Each structure stands twice: as C-alpha cells, then as structure tokens.
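J.: Quick note on this note's numbering: the sequence shown kicks off at 1 and runs consecutively.
Rather than coming from a laboratory, the hints here were simulated on the basis of the structure. The model shown is predicted, which means the values in this text are computed figures rather than measured ones. There could be a bad hint or two in this list.
Claimed, not checked - Restricting the straight-line Cα-Cα distance to at most 27 Å, the calculated cross-link-like pairs of lysine-lysine (DSSO-like) are: (1) LYS313 - LYS176; (2) LYS297 - LYS54; (3) LYS102 - LYS128; (4) LYS31 - LYS176; (5) LYS313 - LYS281; (6) LYS297 - LYS281; (7) LYS313 - LYS297; (8) LYS188 - LYS281; (9) LYS54 - LYS309; (10) LYS176 - LYS188; (11) LYS188 - LYS50; (12) LYS128 - LYS54; (13) LYS313 - LYS160; (14) LYS297 - LYS188; (15) LYS102 - LYS160; (16) LYS31 - LYS281; (17) LYS309 - LYS31; (18) LYS160 - LYS128.
As the list claims (entries may be wrong) - The following label-pair restraints were derived from C-beta to C-beta distances: (19) ASN275 - ASP137: 34 to 40 Å; (20) GLU61 - GLU112: 53 to 59 Å; (21) LYS176 - ALA302: 16 to 22 Å; (22) LYS313 - GLU141: 43 to 49 Å.
Even for Gly, the Cβ is constructed at its ideal location relative to N, Cα and C.
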Amino acid sequence: MGAGGSAEDKHSRELEKKLKEDADKDARTVKLLLLGAGESGKSTIVKQMKIIHKDGYSLEECLEFIVIIYSNTMQSILAIVRAMSTLNLSYGDAAAQDDARKLMHLADTIEEGTMPKELSDIILRLWKDSGIQACFDRASEYQLNDSAGYYLNDLERLVKPGYVPTEQDVLRSRVKTTGIIETQFSFKDLNFRMFDVGGQRSERKKWIHCFEGVTCIIFIAALSAYDMVLVEDDEVASVSDMQNHAKNYNAMFLSGPNTFEDAGNYIKMQFLDLNLRRDIKEIYSHLTCATDTENVKFVFDAVTDIIIKENLKDCGLF
Numbered sequence: 001m002g003a004g005g006s007a008e009d010k011h012s013r014e015l016e017k018k019l020k021e022d023a024d025k026d027a028r029t030v031k032l033l034l035l036g037a038g039e040s041g042k043s044t045i046v047k048q049m050k051i052i053h054k055d056g057y058s059l060e061e062c063l064e065f066i067v068i069i070y071s072n073t074m075q076s077i078l079a080i081v082r083a084m085s086t087l088n089l090s091y092g093d094a095a096a097q098d099d100a101r102k103l104m105h106l107a108d109t110i111e112e113g114t115m116p117k118e119l120s121d122i123i124l125r126l127w128k129d130s131g132i133q134a135c136f137d138r139a140s141e142y143q144l145n146d147s148a149g150y151y152l153n154d155l156e157r158l159v160k161p162g163y164v165p166t167e168q169d170v171l172r173s174r175v176k177t178t179g180i181i182e183t184q185f186s187f188k189d190l191n192f193r194m195f196d197v198g199g200q201r202s203e204r205k206k207w208i209h210c211f212e213g214v215t216c217i218i219f220i221a222a223l224s225a226y227d228m229v230l231v232e233d234d235e236v237a238s239v240s241d242m243q244n245h246a247k248n249y250n251a252m253f254l255s256g257p258n259t260f261e262d263a264g265n266y267i268k269m270q271f272l273d274l275n276l277r278r279d280i281k282e283i284y285s286h287l288t289c290a291t292d293t294e295n296v297k298f299v300f301d302a303v304t305d306i307i308i309k310e311n312l313k314d315c316g317l318f
C-alpha cells in the first residue's frame with residue numbers, strides 16, 4: 001500500500017515536472033508569421049535569419065544557388081528585351097537587335113539554369129547597349145526582378161570557372177514561394193518559429209491555419225513597389241493590395257534602402273493610418289533593406305525586444 005502510494009507520488013511529481021518544462025518551453029516559443037505581397041522581400045528576410053541566427057550557408061548550399069542565379073539573370077534580360085518592344089524603344093546598336101533574336105532562340109533551346117559562353121557573351125553585349133539601359137531605367141513600367149541590375153552588372157564574375165555564390169548573391173536570388181516554409185532558430189533565450197508563406201494571391205488561401213497561436217505577424221511592404229502593379233494582376237496596384245492585407249497585422253518592415261526619408265515616411269503612414277484599433281493593437285514599423293544583413297540584424301533585435309517586453313506585460317512584470 002505504502003509502496004504503491006510512493007510510486008504514484010513519484011509519477012505525479014514527474015508528470016508535474018514535465019508539464020512545467022513544456023509550459024516553460026511554450027512560453028519561450030515565438031511564432032512569427034511573415035506576410036506581404038509577392039516579391040516584397042519575405043524570403044530574403046528568412047535567408048537573413050539563417051545567416052544571422054544559424055550557421056549561414058555552407059559551400060554545398062551556396063553552389064545549389066548557381067542554377068537559380070543563372071535562371072534569374074536570364075529571366076531579367078528576357079524581360080528587358082521584351083519590354084523594348086512594348087515600350088517602343090530602339091537599340092543603340094543595330095547588332096544588339098540581332099543579339100536579342102539570338103537570345104530569344106537560345107532561351108527556347110538551352111537547359112534552364114545554365115549559362116553557356118555563347119549565352120553569357122550575348123547577354124554581356126546586350127547589357128552594354130544604350131537602348132537596353134534606357135529600357136532598364138523604365139523598369140517600373142513592366143515586371144522586372146529587383147536583382148536584375150545586380151546580376152547583370154556582375155555577370156562576368158558570375159560566369160567565371162569555379163564560381164561560388166557569395167552570401168549577397170544568395171540573398172538576391174529569387175524563387176517564388178509556394179506553400180509554407182518554416183525556419184527555426186534561437187535568439188535571446190527565445191525559440192523562434194518563422195513561417196514564410198506565398199505572397200501571390202493564389203497562395204493566400206493557405207495562410208489561414210498559420211494564424212493559430214501566432215505571437216507576432218511581420219508584414220513586409222516593398223517601397224520599390226509604390227508605382228508598380230501586381231505580377232498576377234496588372235490592374236491592381238501593389239501598394240493598394242498590400243494595404244488591403246495590412247489592416248490586421250501588428251508588425252511591419254518597409255523594405256528598400258532608406259534613401260528618401262520623407263517619401264518613406266509618407267508611405268509608412270498610409271499603412272499605419274489603417275490601424276483602427278490603436279487602443280488595443282500596436283503596430284511597430286521599421287524601414288530597412290532586406291539585403292543589408294547588418295541593418296536587418298539591428299531591426300530584428302529591436303523586434304525581439306518588443307516581443308520580450310510584451311511577454312513581460314502579459315506576465316504583469318512590466
């Protein structure tokens with residue numbers, strides 16, 4: 001009888017200990033949901049978390065991005081060449097028009113993600129053409145990857161034998177996010193679970209179940225998209241679409257270099273003014289550049305401090 005009671009007491013204590021450990025773990029777990037329009041920089045922020053709070057990218061992982069980088073470069077020059085016709089622009093050199101035709105032919109015949117010398121030579125010549133540069137300067141009038149100028153300016157480096165992508169090359173690579181991608185990391189004694197979801201409209205029906213138990217929603221709006229339309233609907237302005245979805249979110253990154261503060265603050269206020277529940281919901285906004293690791297590190301540190309402060313408030317300790 002006594003032995004049985006002792007065994008039950010021991011089991012009870014072990015169960016209480018396990019429940020307490022689970023409760024402590026749950027209290028230290030922060031669930032972050034990244035939202036925003038397609039190509040706003042969400043996946044770049046996730047990559048930054050891997051660089052800042054995990055071990056970064058191994059050599060093998062960096063090499064895996066070569067295919068993506070070459071594909072992004074090809075997509076960019078093709079978009080510019082097609083826009084030459086749409087915008088009724090002329091090539092600076094007649095030979096560039098022949099190169100454009102060759103490019104279109106190669107685009108249909110080469111394996112995606114490869115960059116044979118014939119192709120890279122054509123792209124390099126086209127990129128130097130004054131007409132192509134004039135078209136690039138009007139990039140807001142058509143869909144063009146943000147990384148276009150970065151990769152095209154550096155193409156000679158990218159096609160050298162033995163090329164290994166740098167962290168910046170990796171950060172600027174673009175693959176459309178489909179479904180939900182979870183990244184886990186620890187920082188300031190907190191265990192973060194960050195969820196990146198597809199930003200295009202077709203992906204949004206997959207968001208809903210992610211909202212359960214969310215600590216913080218980080219809504220990312222690209223300042224560079226202020227005069228652009230959506231990739232999937234050229235009748236809807238990108239910023240208008242982002243505003244429609246920002247009304248329910250309580251943290252916000254405005255991604256783009258902080259060059260024009262007045263313009264940045266104006267756009268920021270367009271989002272903050274949507275908060276009709278200021279008495280119970282705070283929105284914290286930060287202007288940052290998604291590809292600037294040190295800047296993102298500083299901003300995320302501030303976001304974490306806010307989360308810790310809110311947790312202490314909930315516990316009555318602040």
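J.: If a hint holds in the structure, say so; if it doesn't, say that too.
T.: Do the hints match the structure? See the list:
1. LYS313 - LYS176: Violated, because 38 Å separates the two Cα atoms, which is more than 27 Å.
2. LYS297 - LYS54: 12 Å, holds
3. LYS102 - LYS128: Since the Cα atoms of LYS102 and LYS128 sit roughly 16 Å apart, the hinted pair holds (cutoff 27 Å).
4. LYS31 - LYS176: Judged against 27 Å, a Cα distance of about 23 Å means the pair holds.
5. LYS313 - LYS281: 14 Å, holds
6. LYS297 - LYS281: With Cα atoms ~25 Å apart, LYS297 and LYS281 stay inside 27 Å; holds.
7. LYS313 - LYS297: 24 Å, holds
8. LYS188 - LYS281: Distance of about 24 Å is within 27 Å: holds.
9. LYS54 - LYS309: It holds: about 24 Å lies between the C-alpha atoms, which stays within 27 Å.
10. LYS176 - LYS188: 31 Å, violated
11. LYS188 - LYS50: Satisfied, since the Cα-Cα distance of roughly 16 Å is no more than 27 Å.
12. LYS128 - LYS54: 39 Å, violated
13. LYS313 - LYS160: 55 Å, violated
14. LYS297 - LYS188: 13 Å, holds
15. LYS102 - LYS160: 22 Å, holds
16. LYS31 - LYS281: Given pair LYS31, LYS281 holds - Cα atoms ~18 Å apart, limit 27 Å.
17. LYS309 - LYS31: Distance ~16 Å between LYS309 and LYS31 Cα, so the pair holds.
18. LYS160 - LYS128: 19 Å, holds
19. ASN275 - ASP137: 34 to 40 Å: The hinted range 34 to 40 Å holds for ASN275 and ASP137, with Cβ atoms some 36 Å apart.
20. GLU61 - GLU112: 53 to 59 Å: Violated - the Cβ-Cβ distance for GLU61 and GLU112, about 20 Å, lies outside 53 to 59 Å.
21. LYS176 - ALA302: 16 to 22 Å: 29 Å, violated
22. LYS313 - GLU141: 43 to 49 Å: Between LYS313 and GLU141, where Cβ atoms are some 47 Å apart, the hint holds.
Hints 1, 10, 12, 13, 20 and 21 from the list above are not met by this structure, while the remaining hints are.
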